[in-house]
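Enquirer: Could you put together the complete structure from these sequences and hints?
FYI, the numbering for the sequence shown is 0 to 186, going by numbering that gives the first Met the number 0.
Think of the hints as simulated: they come from the structure by calculation, not from any bench.
Where hints are given, some of them may not hold.
[Claimed, not checked] EDC-like, lysine to aspartate or glutamate: derived pairs with alpha carbons at most 16 angstroms apart:
no. : residue 1 : residue 2
1   : LYS110    : ASP148
2   : LYS81     : ASP106
3   : LYS123    : ASP107
4   : LYS144    : GLU161
5   : LYS110    : ASP131
6   : LYS144    : GLU132
7   : LYS123    : ASP106
[Unchecked claim] Label-pair distances were calculated between CB atoms; the ranges are:
no. : residue 1 : residue 2 : range
8   : GLY151    : ASN44     : 38 to 46 angstroms
9   : ASP45     : VAL90     : 18 to 26 angstroms
10  : GLU161    : LEU129    : 16 to 24 angstroms
Heads up, the beta-carbon is just placed ideally off N, CA and C, and yes, glycines get one too.
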Amino acid sequence: MKHLVVFFLLLPYQCISQYLLEAYTVYSDSFREWSIIGESYDERNDGWYETEGSISLTFGNRNDWTSWQIELDDVNVECRLKWTNNPNLWVMHTPNDLISIRTVWKDDFRKWKITSSTHTISIKSRYANLSDEWVLESRSIGQWKMYTDSEGDPREWIIEDELDESVDMYHKLAMSFAVLIHSSPRI
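Expert: This is the structure in structure tokens:
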């Protein structure tokens, strides 16, 4: 009788946790370019380190608000409107997936749904008449909140990111992108 013996080789697993902390405009009089600050934990080096990236208009010199470049650590993606004249649907092409960022109701920019093959995430403005504070609707993947550092001033945002590790940085950036772009004036 033949016995089948299977051996599993367990390679060291490098667990990297990533969180978003804040976002702020690069220039105080323009919302075309944002700095975004995150924090990552690298198990191999046994420590946390701060990461800085950007969200900026792809074609800033043309005043084209339909395409944005997002960079943070090893993330480098473009987020653009699916249709030029419809701000209700954005798409982000990641290396492994397509993330759509859409309003739940047409032309109601207070509630967004971020969908991909792995997640469906809903975020909403906490108050109907203000866009200073945003929260995650579903608590099954953790907690997330994004709010202005000073009420009424959309230039600086604090991000409380307590999402499960199953939510990757692409989804977190998509959530933050929806808030930043639709809670700020186009200047």
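Enquirer: Need the status of pair LYS110, ASP148: alpha-carbon distance at most 16 angstroms?
Expert: Distance of about 21 angstroms is beyond 16 angstroms: violated.
Enquirer: Does the Cβ-Cβ separation between ASP45 and VAL90 fall within 18 to 26 angstroms?
Expert: violated (37 angstroms)
Enquirer: Against the 16 angstroms threshold, does the CA-CA distance of LYS123 and ASP107 hold or violate the hint?
Expert: With a Cα-Cα distance of about 10 angstroms, the restraint between LYS123 and ASP107 holds, given a limit of 16 angstroms.
Enquirer: When you take the CB atoms of GLY151 and ASN44, is the distance between them in 38 to 46 angstroms?
Expert: Once the Cβ atoms are compared, 41 angstroms apart, the range 38 to 46 angstroms for ASN44 and GLY151 holds.
Enquirer: Are the Cα positions of LYS110 and ASP131 separated by 16 angstroms at most?
Expert: holds (13 angstroms)
Enquirer: Given the hint of 16 to 24 angstroms, check if GLU161 and LEU129 actually sit that far apart at their C-beta atoms.
Expert: holds (23 angstroms)
Enquirer: Would you check the hint for LYS144 and GLU132, treating anything up to 16 angstroms between C-alpha atoms as holding?
Expert: holds (7 angstroms)
Enquirer: Check the hint pairing LYS123 with ASP106 against an upper bound of 16 angstroms on the C-alpha distance.
Expert: holds (14 angstroms)
Enquirer: Are the Cα positions of LYS144 and GLU161 separated by 16 angstroms at most?
Expert: holds (9 angstroms)
Enquirer: Taking 16 angstroms as the top limit, are the C-alpha atoms of LYS81 and ASP106 close enough?
Expert: holds (15 angstroms)
Comparing the model with each earlier hint shows violations of hints 1 and 9; every other hint is respected.
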